[in-house]
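From first to last, the protein sequence lines are chains Y and E. Here the first sequence is numbered in my numbering, starting from 1 and rising by one per residue. Here the second sequence is numbered in my numbering, starting from 1001 and rising by one per residue.
Incorrect hints may have been included.
Which chain E residues stay away from chain Y? Per the calculated CB distances, all over 10 Å, these [as the list claims (entries may be wrong)]:
#, residue
1, Ile1031
2, Thr1098
3, Ala1198
4, Tyr1287
5, Arg1368
6, Ser1417
7, Asp1420
Computed footprint of chain E on chain Y, listed as stretches where at least three residues anywhere in the stretch have a Cβ under 8 Å from a Cβ of chain E [what the hints assert, rightly or not]:
#, stretch
8, 123 to 132
9, 155 to 167
10, 240 to 251
11, 446 to 454
Think of the hints as simulated: they come from the structure by calculation, not from any bench. C-beta atoms are modelled at their ideal positions from N, C-alpha and C, and glycine is treated no differently.
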Amino acid sequence: MTPAIAPAGGKASSIPMMGGTPEPTIFDLSVAGRRCGTLRDTGIEIIDPASQLPPEYLRDAPLELAEVSERDLVGHYTRLTHRQFSVDLGFYPLGSCTMKYNPKLADQVAAIPGIANVHPLAPVSLIQGWLEICCTLEDYLTEITGMAAATLAPAAGAQGELTGLLIMEAYHRSKGNSKTKVLIPDSAHGTNPASVTLAGYRAVTVPSNSRGLVDVEALAGFVDEEVAGIMLTNPNTVGLFEAEIAEIAALIHSVDGLLYYDGATLNAIVGVARPGDMGFDIVHSNLHKTFATPHGGGGPGSGPVAVAAHLAKFLPGPYPVRTENGFDVAYPEASIGRVHSFFGNAVVYARALAFMKALGGDGLAMMSRLAVLNANYLKAKIAPYYPAAYETTCMHEFVVTVAKIKKDSGVRALDIAKALLDEGFHAPTVYFPLIVEEALMIEPTETESRQTLDAFAESLIEIAMRTEDSDAAASMHDAPSKTPASRVDEARAARHLVTSVDARN
Amino acid sequence: MSGFTPHTQAEITSMLEFLSLSSLDELYDSIPQALLLSRSLNLPEGRSEVEVIEEFEDLAARNSPVSKELLCFAGGGAYDHDLYAATKALGSRSEFVTAYTPYQPEVAQGVLQALFEYQTMVSRLSGLAITNASLYDGSSALVEAINLACARTKRSRVIISEGVNPSWREVAATFSSGPGHQLELAHLDSSGCTIWPANTSEVAAFVVAYPNFLGLIEEISAARQLASAAGALLIVAYDPIATSLLKSPGALGADVAVAEGQPLGIPLSFGGPYLGLFSTTLELVRYLPGRLVGETLDTRGNRAYVTTLRAREQDIRREKASSNVCTNQTLMAIWAAIQLSWLGTSGYREIGLKCLSGRAYLTDSLKRRGVGEVRLGRGSFREFPLTIEKSPSQVVEDMASRGFLAGVALEGRLAISNFDSSLLIAVTEKRTKSQIDSFVDALVEVLK
Ligand SMILES: Cc1ncc(COP(=O)(O)O)c(C=O)c1O
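Working from the sequences, and respecting the hints, build out all of it.
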């Protein structure tokens, strides 16, 4: 018989718990008194906080955090990574998100101490390299989008939208225009209407026509003196180019409205066509999409906004500028104000600029062409089983509808997404855009090989064929089964709200 | 950089043939000729990755990072704390770095659980039950807090203390114009405490910082009483390192607590990417901006995580959503959670003690040597204003040439009333006794 010993408390952490096994929380691994390491010795004697701070504000007891060894810590987070899909692991055709491969050179750039360890409030004489990075990236973006000036500050696309709409508002105010509404197609991403409201305008939804495009005639019916502008993506969210964009621009400009370009889909047209040449006045780009900066499990992103010359004076500050004596920081004369605590998600700029410099102008143009080639190739391959919502040549992504599969077999877009997870692929975006019934929005990106596209197409087709058998179709409601978690009960999460370990009971 | 795209010429040809196309350009037939760019982009040619990295090394050489050659005593919302090797190593794992928003929870348990644990930690720091999965930075967290308070109270008047970071106040002003919030500034007195207005009718929220931008502790209870009397919410902008020694904002009655999470293991990064911390009460959860991770079960009955209460968000509520945030700062949230777990209960407290002790050592020494006027108000944690006779920005320049980032000049847009001609100085656990001694020596010389 083994000698008796009291339980150690906590859970063993060195036993591999690979992908499929639930991982305890870091708090479950905690054992009182354990720690990862010591802090540096400053040579300064530790004083009593009560001698320095108002006693009534001092904590009664230390704040409890997990108490683990570094080995436990590393084991825990490493096992969590085994339960996580990522671009580096495999194909991630999440429409509208441009999950392209993120070249590692940018990681190395981001880690250079003169990039990573610079204080944002250091005097300009100490940040000349950073200001040059900012100015150069602005130049690249204005060339790519066909605009005159840019701000890098918005931290993501949505913040870029709001920044752009406030610029729109400042423009109208400066001209004495009284505008109340912004037009948005019914295919738009949710951030667009949400941003319109936050900018103080009313969002007015414009219907798309049967070809998935803005219906210019219908649009004319919405255009009046109260229209501040329109927000469009081009290509739009069904992956089609709005060929009548010049007519749309003329219509909006005829009431002194402005055109806002949501750059989420810029990956289709870099070096091919430019929003500025199409008549757009304000353009945001998503560095975390088009320019290959990693998505970070949900962020950070970066949403620079570029504008036409007559809007440059409204850009947010502080603003890096070139002067005769190097770089400086300024505020545009009629600036809408500051939009970020400092200069925005700066390290993301360095990554994006490194990517752009590596590809060069021609490489960027080839990037877009191959993104469009991949999308059309995949679309054609699966077309017999997954009809595209709209037949024409798509840009860098496309939307298929599984409405017929659902009608015939009861298998929904969501079930197909889950079945794909079992095949080792990330799922496409589902149920967006809202104008397509049972939508799968597929964006392969240019970094996937033909072999990967073929394998994905085969899996998709095999899944479609499975739906023809009623038993197999029924079992698809239970997919996935090979993933770290099986289908997750979302309704229960909302019903029994537990958003921290301390809320469990 | 050929190799970024995998296609061989033969593959491109075969794929085009499959599509019955003869060139890549034909893919763009739906774009009217007049809109096609008829030239190449006016950008430099591509280069190999080693050349690009060298180019950035040259650019980086024209920056002065904080280092042994430039000892950092600057804060002002961005602090030079130690970053542990495990935080960097684990936070750089590509499963976290190259994933996106966990739309498919069955293959995103890693990010979801890391966020759930992050929410737990930040709820403990803030003392408030509900924490979201991050916002862009401290200033965007403040903006969302103001929007929440105005939505909740159906009022638009917001009283904001001058002790809130001036840059955050600028951001709040920018984003208040759309919804039509009225921001009113409550100035600081010469001890660094907010002078709240007498008329508090129809106030949606009082915003106070803890410690404030000057590093000083204010009467949070006074603000709480005013808020309660006015039927307003109390928004507290806190410092997530100071809470190692100080009571949490929630314990002091905050309805919403926001913070800049950068001090929790995120490099200075020229100001971003940083991390907006946002916490509120369970009662206000339906007004919460951003994503929220909840615990649930999968069909096998195993514990699993998923984003929850999604009906608040822009993709579902669209123009009726109270926030437009989509992409957030998840990776930075994961870094913060790893760093906090590395520190653990005792390490976290020790950081606070070392910051406080270092700050006290510096201020004692400045007082002893008669350097400027050290202003500690009702108490300072790791930062304080030093009022001096020379121009603070000039002093920063002079100190830089001696190897110190001496602080943040409270001038121009960072000016604070009653604190003219002052330098804001911060001491973290990184600063040793001998570094502080040489800092004081240099400052004595520069101020002579
Ligand atoms: C079409 C479209 N617009 C806007 C956005 C919002 O961008 P972000 O998530 O960077 O805020 C997205 C993001 O997915 C998008 O797909």
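Tested hints:
1. With a least beta-carbon separation of about 5 Å from chain Y, E/Ile1031 fails to lie farther than 10 Å from that chain, contradicting its non-interface assignment.
2. Once the 10 Å rule is applied to beta carbons, E/Thr1098 is inconsistent with being away from chain Y; the minimum gap is 4 Å.
3. Taking the minimum C-beta to C-beta distance to chain Y, about 25 Å, the non-interface status of E/Ala1198 holds against the 10 Å cut.
4. The Cβ of E/Tyr1287 sits about 14 Å from the closest Cβ of chain Y, beyond the 10 Å cut-off, so the non-interface label holds.
5. At roughly 15 Å, the least C-beta separation between E/Arg1368 and chain Y is larger than 10 Å, which holds for a residue marked as non-interface.
6. No Cβ of chain Y comes within 10 Å of the Cβ of E/Ser1417; the nearest lies about 19 Å off, and the non-interface call holds.
7. With a minimum CB-CB distance of about 18 Å to chain Y, E/Asp1420 clears the 10 Å threshold, and the non-interface call stands.
8. Check on the stretch 123 to 132 of chain Y: 8 of its residues sit with their Cβ under 8 Å from a Cβ of chain E, so the three-residue criterion for coverage holds.
9. Look at the stretch 155 to 167 of chain Y against chain E: 9 of its residues bring a Cβ nearer than 8 Å to a Cβ of that chain, three or more, so the hint holds.
10. For a cut-off of 8 Å, the count of residues in the stretch 240 to 251 of chain Y with a CB near a CB of chain E stands at 5, and the three-residue condition holds.
11. Here's how the stretch 446 to 454 of chain Y fares: 5 of its residues keep a CB closer than 8 Å to some CB of chain E, so the rule of at least three is met and the hint holds.
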